[in-house]
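There are 2 protein chains.
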Amino acid sequence: MVEKVYGIGVGPGDKDLLTVKAVNILNSVDTIFVPISKEGRSSVAYDIIKDVLNEDKKENIVELLFPMSKDIDYLKKYWNDAFNTIKEANGEVALITIGDPTLYSTFSYVWSSLKENNISVEIINGIPSPFASAGRLNIPLVEGDENIAILPQGKDLEKYLGVFDTIVVMKTKSLGEKLKKLVDEEHKNDYIVGIVSKACCENEEIQMGKIDEINFDEVNEYLSLAVIKKIK
Amino acid sequence: MVEKVYGIGVGPGDKDLLTVKAVNILNSVDTIFVPISKEGRSSVAYDIIKDVLNEDKKENIVELLFPMSKDIDYLKKYWNDAFNTIKEANGEVALITIGDPTLYSTFSYVWSSLKENNISVEIINGIPSPFASAGRLNIPLVEGDENIAILPQGKDLEKYLGVFDTIVVMKTKSLGEKLKKLVDEEHKNDYIVGIVSKACCENEEIQMGKIDEINFDEVNEYLSLAVIKKIK
Numbered sequence: 001m002v003e004k005v006y007g008i009g010v011g012p013g014d015k016d017l018l019t020v021k022a023v024n025i026l027n028s029v030d031t032i033f034v035p036i037s038k039e040g041r042s043s044v045a046y047d048i049i050k051d052v053l054n055e056d057k058k059e060n061i062v063e064l065l066f067p068m069s070k071d072i073d074y075l076k077k078y079w080n081d082a083f084n085t086i087k088e089a090n091g092e093v094a095l096i097t098i099g100d101p102t103l104y105s106t107f108s109y110v111w112s113s114l115k116e117n118n119i120s121v122e123i124i125n126g127i128p129s130p131f132a133s134a135g136r137l138n139i140p141l142v143e144g145d146e147n148i149a150i151l152p153q154g155k156d157l158e159k160y161l162g163v164f165d166t167i168v169v170m171k172t173k174s175l176g177e178k179l180k181k182l183v184d185e186e187h188k189n190d191y192i193v194g195i196v197s198k199a200c201c202e203n204e205e206i207q208m209g210k211i212d213e214i215n216f217d218e219v220n221e222y223l224s225l226a227v228i229k230k231i232k
Numbered sequence: 001m002v003e004k005v006y007g008i009g010v011g012p013g014d015k016d017l018l019t020v021k022a023v024n025i026l027n028s029v030d031t032i033f034v035p036i037s038k039e040g041r042s043s044v045a046y047d048i049i050k051d052v053l054n055e056d057k058k059e060n061i062v063e064l065l066f067p068m069s070k071d072i073d074y075l076k077k078y079w080n081d082a083f084n085t086i087k088e089a090n091g092e093v094a095l096i097t098i099g100d101p102t103l104y105s106t107f108s109y110v111w112s113s114l115k116e117n118n119i120s121v122e123i124i125n126g127i128p129s130p131f132a133s134a135g136r137l138n139i140p141l142v143e144g145d146e147n148i149a150i151l152p153q154g155k156d157l158e159k160y161l162g163v164f165d166t167i168v169v170m171k172t173k174s175l176g177e178k179l180k181k182l183v184d185e186e187h188k189n190d191y192i193v194g195i196v197s198k199a200c201c202e203n204e205e206i207q208m209g210k211i212d213e214i215n216f217d218e219v220n221e222y223l224s225l226a227v228i229k230k231i232k
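Protein sequences, first through last, are from chains A and B.
Here UniProt numbering is used: the first sequence runs in plain steps of one and ends on residue 232.
Here UniProt numbering is used: the second sequence runs in plain steps of one and ends on residue 232.
No lab work stands behind these hints: they were computed from the structure.
Hints should not be assumed to be uniformly reliable.
Where chains are identical, the list cannot tell them apart; a pair therefore holds if satisfied intra-copy or between any two copies.
Lysine-lysine pairs mimicking DSS-like chemistry, simulated, CA-CA at most 27 Å apart [said to hold, decoys possible]: (1) Lys232 to Lys115; (2) Lys210 to Lys58; (3) Lys76 to Lys230; (4) Lys38 to Lys50; (5) Lys178 to Lys159; (6) Lys159 to Lys230; (7) Lys159 to Lys181; (8) Lys181 to Lys15; (9) Lys210 to Lys115.
Make a model of the complete structure from these sequences and hints.
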């Protein structure tokens with residue numbers, strides 16, 4: 001049975017944004033589990049780490065299938081399979097996840113099963129995507145006594161827009177329509193919106209401006225998020 | 001005049017949680033500015049990086065004084081002095097900040113002045129403290145469609161407790177009193193509270209449990225934060 005599982009965040013996409021600790025542990029574990037979303041498709045997380053691995057470590061990669069779906073019962077079968085594969089591994093292993101393991105991560109699909117089975121877990125944080133995106137936008141997320149809300153897929157945006165100093169919307173699908181419905185003519189200049197797709201990757205795309213200045217049709221929705229700040 | 005300013009996050013306290021990029025840039029810049037809160041006091045941020053610097057780089061350290069105060073007019077004088085010192089430096093420089101530069105950081109005190117003066121800024125993210133703390137608590141901050149709010153000093157906690165799936169309170173002063181006032185007998189088991197002081201440092205302190213199980217008198221308030229999760 002596995003001795004220890006490291007949940008390692010590999011950050012937004014640039015291998016140099018890995019922590020020193022992540023690089024060291026990736027090169028010390030017996031097996032590295034990498035998530036894929038479909039058989040035969042390459043792993044985004046693995047692409048980030050592959051160039052920091054020693055040659056002999058590249059033989060210790062095992063893919064775990066985490067399909068994209070909204071059907072939780074269907075997904076749970078895969079989460080359980082992944083847990084069983086990890087449990088049966090030998091020695092110390094790592095499961096890598098893009099961004100940070102504590103923020104909407106693939107690691108959370110096996111985390112509670114590992115703990116319930118008293119398997120030792122250690123989290124190695126990675127740079128979370130909202131922070132990488134704010135860095136690339138060259139703006140602070142929050143300063144002083146400002147507050148911030150992070151909303152998945154813009155859920156409850158109507159409740160919190162204008163209430164929080166900063167809102168991060170994870171996944172920007174339909175965000176343009178939502179914002180144009182929520183914000184009337186009088187208030188459309190009250191916000192600055194930054195949209196980042198694939199922060200820190202080679203094919204990063206960035207837009208920043210008032211609501212009317214953003215071309216929402218051109219936003220690449222894959223690995224994208226929005227930072228919405230109230231102008232003071 | 002300075003050519004470029006890197007705002008470098010040095011993470012929560014463990015030098016191995018620096019990113020590879022941060023280590024490389026710290027060893028390439030002409031000057032490293034380190035924040036201190038009082039003349040003669042050592043810099044927490046510098047203590048994190050000192051062992052990753054090449055010997056010759058240790059001569060290029062310049063302290064900047066950012067006193068602790070709530071008097072913004074008094075502080076602005078120091079922020080302006082810091083900006084002027086940075087502006088007059090030669091070549092490429094770095095200003096280091098604990099945690100991440102985009103989240104309540106020392107870097108934000110000079111950031112807007114740098115931009116207004118068209119000085120090139122590049123942000124190198126660090127691991128933000130809420131994420132390091134959740135990692136040490138061995139719990140996800142958010143998963144699935146959960147939302148999260150980050151509140152400085154627990155401002156507006158009464159509005160958002162029970163509303164957000166997860167709340168992070170930066171600085172835990174008076175948090176015990178606030179929680180006991182806000183949560184009645186019937187609901188006191190509805191939350192799990194994790195309190196972390198100096199996450200990932202040698203003298204890290206952790207408590208986790210229901211509200212009644214936390215000994216708030218023993219919480220070290222320096223560099224501390226709370227993660228409050230609704231139990232489902």
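Task: Violated hints - listed by number, lowest first - done: As far as the earlier hints go, 2, 8 are violated by this structure, in ascending order.
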